[in-house]
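Could you build the full structure based on these sequences and the hints that come with them?
So the protein lines, in turn, are chains A and B.
When the letters of the first sequence are read in order and numbered with my numbering, they come out as residues 2 to 124.
When the letters of the second sequence are read in order and numbered with my numbering, they come out as residues -3 to 496.
Keep in mind that the hints were calculated from the coordinates and are not lab data.
All clues given are correct.
Facing chain A, according to a computed beta carbon distance under 8 Å, are these residues of chain B, among others:
(1) L312
(2) A390
(3) A463
Label-pair distances were calculated between CB atoms; the ranges are:
(4) A:E50 x B:R467: 16 to 26 Å
(5) A:R120 x B:N299: 19 to 29 Å
(6) B:T478 x A:D47: 20 to 30 Å
(7) A:I39 x B:R447: 14 to 24 Å
(8) A:K53 x B:D251: 39 to 49 Å
(9) A:K53 x B:W349: 31 to 41 Å
(10) B:T478 x A:Q98: 39 to 49 Å
(11) A:E80 x B:S197: 54 to 64 Å
(12) A:R13 x B:E292: 31 to 41 Å
(13) A:I39 x B:G437: 41 to 51 Å
Derived coverage of chain B by chain A (criterion: at least 3 residues anywhere in the stretch with Cβ under 8 Å from a Cβ of chain A; other residues may be distant):
(14) 300 to 306
(15) 447 to 460
Computed from a prediction, not measured in an experiment: that's the story for all the values here.
Backbone N, C-alpha and C define an ideal beta-carbon position, used for all residues, glycine too.
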Amino acid sequence: MAVAASNLAGLRALVIEDESIVAMFLQDTLAEIGCEVIGIASRFDDAVEKVKSLAFDIAILDVNLNGRNTFPIADSLTERGVAFVVATGYGATDLPQSLQRVPILQKPFRQRDLERALRAALI
Amino acid sequence: MTKRAGDGLFGSDLWEAALEKYGSATHLTVRLFDADERAVFGPVHSTPLFQLFDETGYEPGIFAECAHRCIAQIEKRPAIIVSQFHGLAVVGASLALEGRVVGAAVGGYAFADFSQVSEIQRLARQANIVFERLWEIARKQPPVPQRRLRVHGELLQVLGDALLREHYRMRQYERAAAIVHSSDDAIVSTDLEGVITSWNSGAERLLGYTAREAVGEPVTLFIPADRIDDEQGIVERIRRDEKIEHYETVRRCKDGRLLDVSLTVSPLTDAQGRIVGASRIARDITERKRQEHHRELLMNELNHRVKNTLATVQSLAMQTLRHAATLAEGRDSFEARLMTLSKAHDVLTREHWEGADLNKVAADAVAAYCGDVQESRFRVAGPIVRLQPKAVLALSMALHELATNAMKYGALSNTTGNVEINWRLIPGDPQRFQLRWAESGGPPVETPDRRGFGSRLVEQCLAQDLAGEARLTFARGGLVCTIDTPLDEIRQSEPAERHS
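Here it is in C-alpha cells:
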C-alpha cells in the first residue's frame, strides 16, 4: 500500500465543506494520506473565490453548502480541467448528469474510501 | 272515467265489461298489434290523463316500436320490453297462441304512482288481465283455454318484474344524476368520437368552461398538446370496455393554467350493452403533488442532516481517540462531547429548529458543570441574541471544550477560580458580535506546546462556523477566548427575511 499512497503524497488539496468538524476530519485524513491542505472553504462565495485564486491539484467538494448546491462550482472545476471528488450526505442518484462520472464519496466515509476516490479522480 | 277509441271490431261496452270484471286499471293505456305490426285495437285509455296518446303524438311511435320488438322476438316465450318515456313506462308483451307469436299488446303506465312495490304488482296484474281480455275480444275467441292462461301467468310475473326493475333503474338513474350534478369532482362524459356530451358543475369549477361552452366541443379542448397521445390510448381502452383508474396526468384550464389531475374513466353503455362513450372523473391533485414534493424535499434534507451528523460524530471520535492517553479517558471524553452535541440538538428541537437565545445556550453549557462546581463561579451576561441553528451547535461544542479545559487545568480546577462569559453588540455597518470567555483566579497558566482538539475546535471550527475570528490567549491570569464575527452571520433571521 506504500506504493499506492505515494501517488497521492504531496498533492495540494482544497477542501470545500460547510460542517467544520467534518472539514477537520478531512483535513486530518488528507494529511494522513500525505496531501497538503491548502485551504478550507465553508461558504459558497468563499469557495468560488478560492477555486479561482488558489493553486491546487485536487478538490474535495461538498455538494451542499448551507442549503445551496454547488453544481456551478463543480461545473467550473470541470471546465478548468481540475480533478475533484464530490462528498455528499444525499443519495448518489440525486446528482445531475454532469456529475455522473465524478467519483462520489458518501458521508460518512473511511480513509481508504477517500484514497480510492482521489485516485479515481486523478486518472 | 274511461275514454275509448277503436274500430268497429271492439265496442266500448266490451271494454267496459272487461274493466268492470277485472278491476279498474288506473293510469293505463293500451294498444294491440297483430303479427304484421298493424294496430288492431286502441289506444284505449283508462284516464283522461292519457289523452296525450293520440295519433299525432310521439306515443304511437313508441308503442309501434315496442310492438315491433315484441313481435320480432324469435323465441316463443313472451317478450317483455320495458322502456321509459317522459315518466311513463311503456310495456310491451308479445302475445302467443299455440306457440306462435300472433301480436303484441303495448301498455303505457305512469311512474308517478310507482312508489310502492304492491302498486306496481297490482298494475302488472291488471295489465295482464286486460291484455288477455282484449285479446279475447280482438280475436273474438271464446275464453282463453287453460294452456294460454299459463302463458299469461308467466307474463304476469315477468311484467311485474320488468316494471319493478325499470322503476328502480330510473330511480337509480335519477339519484346518479343528482350525485353527478352535485359532485365536487369534475365529471364529464364524451361519445366515442371524443365529443363532450355532458359537463357537471365540478367540471365548470375545475376547468373554467361552462357547460354551455364545453358540451359539443372535442375533449381536446382541455388537454395540453403533450398529452393528446395519452387521450388516444384512453379511447382505445374504453372501446375495449376497460376501465381506467387513478391515471395521473395534466389538464389545462380555460385560463391556460395547467393542473395535475387524477382521472378515472369508465365506458358508458346503452341499454343493449353497446359502448357509446366514456364517463370521465377528474380530481385535482395539485395540492397532493405539492405535498408529495415537499415531503420528498424534507426526506432528502433529513437524510443529508443525518449523514452529516454521523460524519461529525466520526470526526469527534477520531479526534478524541487520537488524543486520549488511555482508553478510559478516551471513552469519557468522547461520551461527554457526544452528549454536548446531543443536548445542543435538544435545544434546537425545542425551538423547532428556529434557533435559540444565546442566554439559553450559555446557561445550558454552564448547567452541565454545576453539579461539580458552584453556579456562582460562572458569570454570564449579555444582550438578547437569537442564534441560528448552526451557531447554536458550534457555540455549544466550543463552550463545552472551554469548560472541560477549565475543569481540568483552568479556573475551575481549584476552589477559587471564576469564569466570565460576556458578549456585546458593536454598532456599525456591518454590526459586529463579540463574545469573551475569561478565566481568573485559577492556577498559573502555561501555554501548551501542542494544540489539543479543544483548541482546534475553538480556533478553527468555531471560527469557520461563525464566519468570524476566534482566538485563545493563554494569559498568565487565566485563559481568555475571544470571538468576533458579523452579527448577521450568527443571528437567526426573521421569518419574513427567510426564503422558503
